[in-house]
Each structure stands twice: as structure tokens, then as C-alpha cells.
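Residue numbers (the working numbering), protein chains in the order written: chain A, 1 to 651; chain B, 1 to 305.
Hints were generated in silico from the structure; no laboratory data involved. Even glycine gets a Cβ: it sits at the ideal position worked out from N, Cα and C. Treat the hints with care, as some may be off.
[To be verified] Which residues of chain B face chain A? A few of them, derived with a C-beta cut under 8 Å, are: (1) Val67; (2) Val73; (3) Phe88; (4) Asp93; (5) Ser117; (6) Ala125; (7) Phe129; (8) Phe182; (9) Leu212; (10) Cys242.
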Amino acid sequence: METLLLSLAVVLAAGILPLLANRLFTPIKACYVVLTLLGCGWGIYSLWPLMQLSVPATYTVAWLHPFELRFSLDALSSFFLIPILCVCPLAVLYVFHYMDHKEERQRIGVHLFLFNVLVAAMAMVVLAGNMISFVLAWEMMSISSFFLVLHEYEEKATRKAGYIYLLFTQLGALCIFSGMGVGFAFTQVLDFSALAKLPETAKLWMFCLMLFGFGSKAGIFPIHIWLPYAHPAAPSNTSAVMSGVMIKMGIYGIARFYGLLEISSPLAGQIVLVFGMISGVLGVVYALGKQDIKKLLAYSSVENIGIILIGFGVGMIGAAEGNLPMAIFGFTGGLLHVLNHSIFKSLLFLGAGAVAKQAGTRKIDLLGGLMKRMPLTGKSFLTGSVAISGLPPFNGFVSEFLIYVGAFYGLQLGGVQYVFAMLAILAMALIGGLAAACFTRIVGIVFLGEPRTERTAATQESGWTMTLPLMLLACCCLVIGLWPEPFVQAAFRAYGVMQANLQLDPAQLLEITGKMALGARIFFVLFLAALVSRKLLYRDKVVDSGPTWGCGFTQGTVRIQYTGTSYALSMVEFFRPVVRLSAHYTGISKIFPANPSYETHVDDVAEQALNSGLVTPVQFVLSKLRWIQHGHIQLYIGYIIIAILIALLCI
Amino acid sequence: MASFLSLLLALAAAPLYPGIILKVKAFFAGKKGPPLLIKYYTLWKLLQKGSVYSTSTTFVFKLGPVVSFAAAVLPLLFFPFAGNASLFSFHGDVVLMLYVMGMGRFFTVVAALDTASPFEGMGCAREVFFSTLAELTLFAILILFYRLSGSLSMSSFFSEGNTLTLAGASGALIVLVIVALFMVLLTENSRVPVDDPATHLELTMIHEVMILDHSGPDLALIELGAFYKLFFYAAFIIQLLCPFSLPLSLLNIIFFFILLALVYTAVGVIESIMARFKMNLVPKFILTSFVLGFFAVILTMGVLQ
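Looking at chain B on its own, in the form it has when it is part of the complex (with noise of 0.2 Å):
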């Protein structure tokens, strides 16, 4: 029930959070900023209207949002939230996860291929090339993590006796991960430094160029995937910070989504003192996170020995 409960309440809150994002942003600018819900109310009208279609297009542009969005949801099918366990959950689904979310990447990739437009094919490399260099990090942590708690599974990673938080014996460690996590989190998720969903130059952009033509309940559904997908990293991030014990769950699930605000406010600072990195700087960044969750992996090998 819990877990449910947890599941829903994470679809509908979703979208609130990267609002707190534009909120921090705009208080560094010293503005006021859009409301809160603002991405609600965008979902909203987004849903209202038409689509226009390019003529170059096929079906495979259609179905580039559905595949993407089916994709960004299936992770919190398995995801654990607040320490409840997770709706479905076995061995080995965290490479499922993985690989569907890949999945999703393949399918905004082709579909943006699709417009024949030089600028979403230039968006479309420079996706495949930095999500194929996150994704050795991501296999660094699981391998981490498999040595420190014998699990494949994210469930069980964070059930009870598992030790997978900043508290546990090898907190040392986690805080590797963390940073090495949230380094990812901007990845994939197309955040400054990697890349800057609000310029306006179409050159520089990586997800956003990718998203160009489509309009409407289309677009409302990669914007909706896309929440889902860094509401997953943030809460994954969550997970490893606190361990969640408190006596009642419904607690433990209320202090869990507050907690999470927490991340986005430091994708938001981030976004207000940094600039995005030139492109040739990325893949270091990237590799960067992947040697730190290396570190890790290669530290658990000299303790365990």
C-alpha cells in the first residue's frame, strides 16, 4: 500500500519539482520568478492544443514521445521510495532499468532524425556520444553497490540491513557515488554544465534541439518523460543521502519528497554560478564521474581483501 501510495504520489508531484529549480534561478537573479507550478500549467496547455507535423517526417516521429515517455516511467515501477518496497522488483532490474531508458534515448534520437533538420542531427550525436559515456559510470556504481551489498536489484539495495546510505559502514565511499550520481544527473538530464535547456541558440543545445518539432500533447509527453527521468535520478540520489528510518512510512514518504527539493536546489545554484562547458569539455566531465565511481570500486577491492 505504501508503496503505491509512494508510486503515485511521485507521478503527480513530478513535475513540481523542477519549478523549485526556476525558483532558485530566479532568486540568484535577484527576480521573482515564474510560479511554482509553473510546469503544470505549461503540461496543461501543451495538452490543449494541435500539433503541427513536418512534411519529412514518418511515424517513427509520432512515435518518438511514446516510447521516450513509456520509458521515463517504467524506472519508478522499480523504484524503492522512502526505503517501502518498490511495486515490482527482481534481480537484475536495475540493468533492465538501464537499458530501458536507453530504449527511450534510441526512439528521441531516431525521431529527431526523422525532421531531417542539420541541428537536430547535431543534437542527436552529441546524445548518444555523452549518454553512452554516463552510462559506464551508471555500471561502475552497480558494480560498487553488487560488491557492497551482494543485490542487483534497487529494491534491495535500500531495503532494511543494507547499508547503501552516507550513514552506513562504507559512507566513505557513497560520497564518491553521490558526487559521481549527480554528476550524471546533469548529464542526462541536459543541465548546465553539459548542456543549457534555456539558451536560445539552437547550435548549442543538446535535448532541447532534439525536441524541436514537436508540438503539442507530443511535446507535453517528452516534457512529462523528461520530469519523470530526473525526478528518478534525484530520488536515487535521496535514497543514498538518508537512510529512512523513521517508525511510520507515510512519515518516512513526506520526509523523503521534502528531502528531494534538496537536489533540485543544487541543480538550480548550479545552474545560476556556472556556464555550460565548451563541447570537447564535456566527455572529461563525464569520464570524470566515471573515475570517481572507478575509485570506489577499486577501494572496495583493497577492504575486502
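Same shape as in the complex, but just chain A (with noise of 0.2 Å):
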């Protein structure tokens, strides 16, 4: 344990290496670069025996001696962070090729530091052993994460993000202090362990409290506002992190205190599996409405918390039913997902970084042709848009197979719990097929086609820097997908500390695990024998080229191709009455038309409701208000004066 936290030490070094000596940017960039790699490496390293240890590896300061801090491991801890130590280094990596401007050292100094902070913030979450110690590193993360997003501080949008974002995790922040608050006021100590012990609707209002509070930082619908914004403001290797490691964290409060509360009503269980419901379908469906490839990828974010949500929710309630099977499935499943969802998710985080970097440009609508340009992006980034999608035999699909397969279990169950079975497995289908649609049509349009502009014409590839933290997540896609196994196997034992009081049985989930990764692997063989059998076709036969079938229409070019936009504007129809979609049309007045526009906007209806049914009216009330700030420094002295007098008599 002591050797875990002097690794993060390291991590934390290496962060103040660029913050204090900038003036040598590239060797000191290289120096932070490696020590950061053996810091994440030496923490994996010494993770490797705590997990064998079947009770949990505790450490405590007794600092500032009434909070003391503690420290500790069992397997939930490991398991996240797995993703916290085996990304975060790539990304950190990905920095060499992708931060090169020299001119901006001291800015790139700061962003490195707070980035070494975020991931050791992010390991002492997980670490946490009491409440003292779990409030200070949530908020050494959340506020290290902000100034990440503020990277690029003198754009107005970038401003805007930070704010909405320091608002979102500052009000989840409360909730989740005044859940433990709830928790503290009936046991009267900072220790987790004495929070099984509260009274049943205490409990539901403590897990309603975290998980409003975890739910804004992991970015449920309706509160994933923050995420479309902060992500595309925060430089690729900032939102790969923060949305492929970071909101894992709110996941991880949520399984957390699930399993500290040992709730045994299933309406918490509806709940989760309720706003995992909404957050996956309209997640995906906002994602495929939008222009911006990092806004995409963030309401594909929202969709992903939606599926491990959904796993949760099964989870819970076949916990609180009895039907054990519902319950291992869909909790391995979700959890899974998560591991699975931060490896994909920063690679496609990254590469779209690398894309805005050589492209110039984050619009879907104007980029095009990027494989043959940026060959090993293009592939990598093809790899995780397969895996995201669910789709065997990567990696994404085996943890969504796990969570049809304990929804299913649930199906046996009665009454109302069958109802909400049934709907998560529609709802797993849905997604499915929409994301396949989503990334479809992210690959096809970024990567495949013609480049749509000059200046994506002229794309080049990335550094090796920032190819190889690609290529090494598109084959941990593969290599989970096709051997899951000890990946699932250290889900279910991470799921185990959440159970502690029921006896559970991994066989039944082994076997099926096994079969279905036999049966991604028959699908393998016969993809590569169709290959080799292709080859074998074309063996002493002409092949040529020319243009592409024009159906009839020679003087093609290429702006009459297919855009993002019209290949989504069916599906995103269909969603209407839950999605705003406006369109902008300037018409043709005159006979010689001038500047004829056509837009459309896919709006958010959570960010309006919100903005309509809370932001205005404070506001409104607020306004009326205003005459309290004069700017008279007298009148202050006597609101001070008023105040103390008005405590003195009250007292």
C-alpha cells in the first residue's frame, strides 16, 4: 500500500518538473513524459500483489488528529483503478506530439502539473477510506479538472464551459457532503463501515443524495449539461481523461456507497435503472444530432454511463428480489462497461484530438478522406467507433452481453420488476443499433469519402507520440473482446466487496463468459478465413480503378456527398417530441440569390428546460435584488454593522 501512494507520489513529481523548469520545453517535456510512465507503471506494478490479498490493504495519517485520513484497497478500488493507471499514462504520452508550442511553455507547464494532480486526485478517490479523506480528493479532482478545461482561457467559449462546469461539480459536490452529512448525522462517525447501519429510508435518501451528487459528475440525463460543453473547450488529452477515467469516478461513488448502504428496497435499483434508460437512448440520440466530433463523443459519454447504469439498475434489483443471477450479471456487466468504455472512449477522444490538431477543424461536415492521410489514426479510431458501438468481438460487446443476459434473468422475476426488465433490454437494443449509427457515421464521414475542404486535404499524420497510445487501446479493444475472461473475472471479485453479505457463485457467469467469447472467436476465424478465401479469389485477376459509379452524373465534386447531418436528420426526426430540432433557412428572394443559408441546430432539452424553468427565474428574482450591491463602501460597513448587532441580540 505505502509503495501505491509513494508511485502517486512520483506522478505527482513529475507534474512539478514542467511547472518549475519550462525553459527547456522539449527535454523537460520528455523527462515528465517518462517519470510520469514509471510512476503509473510503479503504481500497476505494486497494485499487482494488493490484489492477491483477499482483505483489504489499509493506511492511515493521523493528520490534523480529530480527521484522520485513511486509505485503503480491497478489489472495487483496484478495478478502477486499472483504467486511472493504464490510461492516464497514454495520455500523458499522446501530450509530447500533441502540446508543441513552444511559446506557450508556461501554459503548458500549469496544464501538465494540474494533469498529474487530476490523476493522482483520481487514485485517491478511489483509495478513500473514511470521509474526510474522500471529500479532499474529490475536491482536489474536481478543481484540478476545471483548470484543465481553462486551458485555453482567452476564448469566450472555453470561459463559459469552466463555469457551467465548477457549477455542475460544485452543486453535485453538495449533494454529495450532505448525503454523508445525512449518513455522519446518524452515526456519528467519519467511518464508512457504520453507514450499514442506518435506517432504511435514511439510506434511500442518502443514495438519492449521492446519486444526484455522483450522477453530475458522471454525467446522467438531465444533469450531463456540463459535459458537451467542457469537453470540446478542454484540450483531447484533458476530456480523453476526464471522459474516459474521470466520470468513472461518479460511477464509482455510486457502486461505492451502494455497497456500503446494503440497500434492500428495490427502488433504488428503479431509479438507477430509470435514468439509465434515459441517459443511454437520449445520450445516443443528442450524439448523432451533433456537428462537433467532441461534442459527439460527449453525449456518447452520457450514453455509456447510460448502459452501466442500466447494468447497475438490473444488478440492484435482482439483489433486492433474490434473483442472484440478475444480480451478478448486471452488476460484472456495468462494471465492466466501465473499463471497457474509459479504453475506448479516450481512444476515440484522442484521436479526434489528433484530427482537430491536423485538420484545423472539429466539423464533422467539413472533414473527409482522413484514412488515407492519417492512416494509423483512421484505423485505431475505427477499432474504438467497432467497440463503442457493442459489436463483437470487441471489447464493448462483452459487457453489454453480460447486461442483456441479467436482464433477462430478470424476466423471470414478477410484476412490475418484469416491466422495467423488459424495458432495459428494449432500451439495450435501441442503443445498440443507434450507436451503431452514430459511429457509422463518424468513421464514414471524418475518415472514408473525399476530403471536403482544401485544408483537410492537406492533413498529414500525427506524431508516434500520438499514434501509439492509439494503437496500443484499439488492441486492448481486441484482446478484451476476444479473451475476456480475467477481465471479467476481476469485475465480478470488484462486485463481491459491493455484496459482502450475499454468497455468490462466479461459476454460472464464467461458463457463459467463456462460451460467448468462444463464440467472438469463431467469428474471428471465420472473418479471417473469409479473408484469406478473398485473397485467394483475386489471385491472376485484373484489378483496376477509376472514379466511383456516379449514377449517371459525371461532373460530380465533392461537396455533393452524403453529409453527417442528412445522414442523421431521419433518426434524429424520429426522436422529435424529446429533441429540439430547428432549422434556419434565409430563402431565395431574387432571381441572382446573394448568400442563401440553410441551418439546423439540435437543441438540448434538458439545457432548455433548465435554462426556461430555473436559470430565468432566479435570475428574474435575483434582479430585483441588485440594489443590495451599490458599490458604497459606507453603506457595506453598515450592512456589517446591522449584521453583528442583529447575532448579537439573537445570541
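Put the complex together from the two separate chains, hints included.
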């Protein structure tokens, strides 16, 4: 345990390096990358023996005596540490070529420092063993990520994004702390272990507060609004880690407190499941409607958080109803999806960052034909897209499959739970289909076809430190897809921590996973066989090349290609009641029309509802009170005196 | 042995059946029609040829036919032909089948987008939209089957003791399922009234337009994959229609392959007497199939409580 914390100290020290000595830009950056990689590698190395222990390892610091800091590591913590310690170093490696503007070296130094603070803080969130250390680590994580989002602070959109993010993250923290307050009020200790003794209603209230608080970090619909602002504004290494790893800390919080509270009512599971289904379906529908690659990926994160929560919801209902297979499959699938999503989502964000840097735009409809210009990025991005669509033989399928099986077990239940299980299956099916549509769109429009602008046509492949992490992550997607057993086992052990009082048997889980993996391998072999036979069929054949068949139209330009907007329009229109689709068309009025334009927007209903339902009324009320702030120092002193007087009189 | 034999027979015979559709259509039009083995001749002809690739395309375009072919073969390995145990099966294999077919679709679509043709993009947008809705129907049917049989594998749906046939106790529900499944068959295999494989205008096609630029052995792989996919759905419907309980497994297999012609004839009849729907009617058509499946699911709730 000490070695693990020491490795985090190495990561922090590596972060201080570019902060202090940013004059020697490139060598220091190289040192930073190497040291961080070493720190994370050492962390993984020291994690290994700890994972074999059956009792949680703990480490206590008696700091400020009443508030001791405690860190402990059990299977659930170590499961969440894997993405932190494996994905973050790849994002750090990516930085080497990604942030190469020497004139911005001071800003980059600060950025790199905060990045490592974020990594260490996330590890501490997962390791936290009591409320004080949890709160401390949580706030460190929120604040450092806030400054990371503000990297390009001179742009107005970035400042707005940072502000919205701060608002949501602090609102979430407020709920988490008040949830902990509920717990403290009953138990009178800051320790986690006493929470199981709470009365049932208090447990449910505390869980709902926690769900809201952690949900705002994880990005549950309708409190996901900060995601599509913060991710495009932040640099891509940050958005990869924020989307791939940091929002999972919200999921960790939900999982950890669900386990600690030992809730026995199925209501908690039903709430989680309903939010999961809403986030999943609406997340992917909005992703379909978005123009900006990183906004699209941010909404896709909302969708994947939805899938994870569907898994958790199914598991919670199963545990509450005593349907153990349902609980095991639901939770294991949800947890495994945490790992899977951290892999392919960071891959996609890093890929999108490479595209945005090399091609100079994030707008899907301006890109095209990048597969030829950035082959390595393109191939990894394609792999990530297939994986995130949940298609075999890649990793996304494994976790979605387990959730499906869990939900099908739920059909054995009667009454309301049956309806919930049925809706979970249908929601998963809908999400699966729409996700495939969404990612065929992004791959097809951005990487395939012909470039839509001259700037895009001149794009070149990025440096090796940017492509290597992408390829490594793409390999992980395939490896987990073909050999999922050890990963499923790790997820199952993590689930075992959450449900300490149930006797769980992984035999069935491992049997079905094994057979599913065999099916995926058979498909892979079939694919290879088809590939070889295609090679044989083309032996000694005339292979020619020519232009695409234009269906009789010979004067085509690249601008007649189908755009991403029109590709998604029919699907977005189908969801009309929950998705606002607005179009602005200037029309053609004269014989020689000057500049007609046509624009469509897909607006987020949650954001609009929040704006009209909460922000506008609050602003109206507050504008009436604006006279309090007038700028006269005499009157401010008067306020203070009056306040003191009232306080003296009352106490 | 019987399962291996029937699989080989299925792989070999799948291109025969679409010939029946053409014969039926010719009969309705009062023509003689192409020979029954026309699809074999077509495949053979395509395999002899080389290919022309568009200069816009990349390796993804060449991967499309390969993946979609592999994805069409896999479900047949898990399918219990004529009630014989399938070659592979496990709890949940139906989910794998549906997702593997999704994988095939993903690459067909991506390969089509690779050509930079506006028409192919249009076809892709329709394909992904309609198949998403069709997937909902299939999962509603799986929910019903799980409720009725307590299992989640193709092989145990149709093994002995289960009553997922018209003649079984829940035959009334199976009628709904068969109709819904037939509608999905028409959708997923791009038949009239969803798509018209014989049309001449690229603007109105779905599947055909996506494979416009493929030629030679690539096109042969795609065609063969399409035959297997249609065969899979047809076999699924036939399994629901008939329990296959003849004493000899060989007799069962022969009986099964004869009955299969029924589904193809039905497709041919529909193609002869109906025109293609307007595009905005297609989602309603597919949702109708979902409603049928969902209705059957709701009925089981009432029956079992």
C-alpha cells in the first residue's frame, strides 16, 4: 500500500517538473512523460500483489488528529485503479507531440502539473477509506479538472464551459457532502463502515442524494449539461481522461455507496435503471445530431454512462429480489463496461484530438477522406468505433452481452420488475442500433470518402507519440473482446466487495462468458478465413481503379457527398418530441440570390428546460435584489454592523 | 452428424431459394422466368471476374464484403436446422447472433460511405435507421421466447420439450411472432415493400445502392452473404411453423428444406402483388412488426400471473 502511494508521489513530482523548469521545453517534457510513465507503471506493479490479498490493505495518516486520513484498497478500488493507471499514462505520452507550441510553454507547464494532480487525485478518490479523505480527494479532482478545462482561457466559449463545469461539479459535491451529512447525523463517525446500520428510509435518502451528486459528475441525463461544453473546450488529452476515467469516479461513488449502504429495497435499483435508460437513449440520439466531433463523443459518454447504469439497475433489482444471476450479470456487466468505456472512449477522444490538431477543425461536415492521410489514427479510430458500438469480437460487446443476460434473467420476476427488465432489454437494443448509426456516421464522414475542404485534403499523420497510444488502446479493445475471462473475473471480484453479505458463485458467469468468448473467436476465425479466401479468389485477376460510379452524373464534386447532418436527420426527426430540431433558412428571394444559407441545430431539451425553468426565474428574482450591491463602502460597513447587531441580539 | 450435414446442406442450398422468388414473380407476370439455378450461375460468373475499385476507396471498402460474409455465416453455425442440435450453442447465443449481424451491417455501411457517392450515403442512412427499428422487434420476440421457454439460445428454443411452434400450447402467440418475423425478414433482406431489389433508380434503393461499387469476387461474397441472411430468417420462421417430429432425422431435414420454399414463395407473392412503400411509411411498417411482438409479450404477462 505504501509503495502504491509512493508511486502516486512520483506522478506528482513528475508534474512539478514542467511547472518549475519550463525553459528547456522539449527535454523537460520528455522527462515529464518518462517519469509519469514510470510512476504509473510502478503503481500497477505495486497494485498486483495487493490485488491477490483477500483482506483490504489500509494506510492511515493521523493528520489533524480529529480528522485522520485513511486509505484502503479492496477489489472494487483496484478495479477502478486499472483505468486510472493504464489510460492516464497513455494520455501523458500523447501530450508530447500534441502540445508542441514552445511559445506557450508556461501555460503547458501549468497544464501538465494539474494533469498529474488530477491523476493522483482520482487514484486517491478510489483509495479513500473515510469521509474526510474522500471529500479531500474529490475536491482536488474537481478543482484540478476545472483548471484543465480552462487551458484556452482567452476564448469566451472556454470560459463559459469552465463556469458551467464548476457549477455542476460543485452542485454535485454539495449533494454528496449533504448525503454524507445524513450518514454522519445517524452514525456520528466519519468512518464508512458504520453506514450499513442506518435506518432504511435514511439509506434511501442518502442514496438518492449520492446518486444526484455523483450523477452530475458521471453525466446522467438531465444533469449531463456540462459534458458537451467542457469536453470540446478542453485539450484532447484532458477530455480523454475526463471522459474516459474521471466521469467513472461518479460511477465509483455510486457503486461504493450502494455497497456500503446495503440497501434492500428494489426502489433504488428502479431509480438507477430509469435514469440509465433515459441517459442511454437520449445520449445517443443527441450524439447523432451533433456536428462537433468532441461534442458528439461527449454525448456518447452520456450514452455509455446510461449503459453502465442499466447494468447497475438490473443488478440492484436482482439483488433486492433475491435473483442472484440477475445481480451478478448486471453488476459485472456494468463494471466491465466501466473499464471498456475508459479504453475506447479515451481512444476516440485522443483520435478526435489528433484530427482536430492536424486538420484544423472539429466540424464533421468539413472533414472527410482522412483514412488515407492519417492511416494509423484512422485504423485505431475505426477499431474504437466498432468497439463502442458494442459489436463482437470487441470489448464493448462483452459487457453489453453480460447486461443483456442479466436483464433476461430479470424476466423471471413478476409484476413491476418484469416490466423494468423488459424495458431495460428494449432500451439496450435501441441504444445498440443507434450507437452503430452514430459511429458509422463519424467514421464514414470524417475518415472515409473524399476530403470536403482543401485544408482537410492537406492533412498529415501526427507524430508517433500521438499514434502509439491510439494503437495500444485499439489492441486492448480486441484483446478484451477475444479473451474476456480475466477481466470478467476482476469485475466480478469488484462486485463481490459491493455485496459482502451474499454468497455469490461465479461459476455460471464464467461458463457463459467463456462460451460467449468462444463465439466471438469463431467469428474472428470466420473473418480471417473469409479474408484468406478473398485473397485466393483475387489471384491472377485483373484489378483496376477508376472513379466512383456517379449514377449517370459525371460532373460530381466533393461537395455532393452525403453530409453527416443529412445522414442523421431522419433518425433525429424520429425522436422529435424529446429532441428539439430547429432549422434556419434564409430563403431565395431574388432572381440572383446573394447568400442563401440553411442551418439546423439540435438543441438539448434538458438544457432548455433548465434555462427556462430555473435559470431565468432565479435571475429575475435576483435582478430585483441588485440594489443591495451599489458599490458604496460606507453602506457595506453599515451592512456589517447591522449583521453583527442582529447576531448579538439573537444569541 | 445430422447437425453437421444439415449445416453443409444449408450452406450449399441457400443460393437455390432466391431462384424460387424469381420464378414466382415470373409466374405472376406471365413469363417463363430465369432458370432455378440462376443464382449459382451469377455467383460463378462473378467469381471469374476481376474488380474495379474507386480511387476514393481505402482498405475499408475491401473489408466490407469480407466482414458481412463472415457475419452472415456465423448465425447458421448456431442454428438448429430441422430440430437437430446446432453445431454450437450457449445461453445467450441469440444476442451474439443479432450483434454479429450488426457487425456485418456496420462494415457494409462503412464500405459504402467509403466511395464518396451521395447515393450510397443515402442508402446507408436508411439502412441503419430501419435496421435499428427491426432490432427492437427481434428483441421483443426474444423476450417472449425467454418468457415461454426460459432459455436464451436458438438451439433450446427448438429442442424437444419446448413448445415454440404453432402446434404448441402458446400457438396463438406464435402466430403474432411469425407475422412480425416475416415483416422483419422483408426489412432486413431489403425486399418489397421496404426496398425493391429490382428497381433501376439508385435514389430509391437501400441495400442495392450500398453495394453499387463492388464488383467481381467482392460482389459474390456480398451476394452469398445476403442469401445466407435470408436463409437464416426463413429457417427461423419455418422452425416456428412446424415442430419437425418425424422419427428419422434425415426425413426431418428433407421435410425442412422442402418447407423452406414456402417462405420464399410468400416473399415472391408479396413482391408480385405489392409496390414499394414510400420511404416515410417504412418506419411505420417496421414499428407495426414491433407492436405485434410487443403485444405478444404483454399477453404472456396476463396469462402467467
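Verification of the hints:
1. Val67: 6 Å, holds
2. Val73: Check passed: Cβ of B/Val73 comes within 6 Å of chain A, closer than 8 Å.
3. Phe88: 7 Å, holds
4. Asp93: 6 Å, holds
5. Ser117: 5 Å, holds
6. Ala125: 5 Å, holds
7. Phe129: 5 Å, holds
8. Phe182: Nearest chain A Cβ about 19 Å off; hint violated.
9. Leu212: Where the cut-off is 8 Å and the nearest Cβ of chain A is about 5 Å from B/Leu212, the hint holds.
10. Cys242: 26 Å, violated
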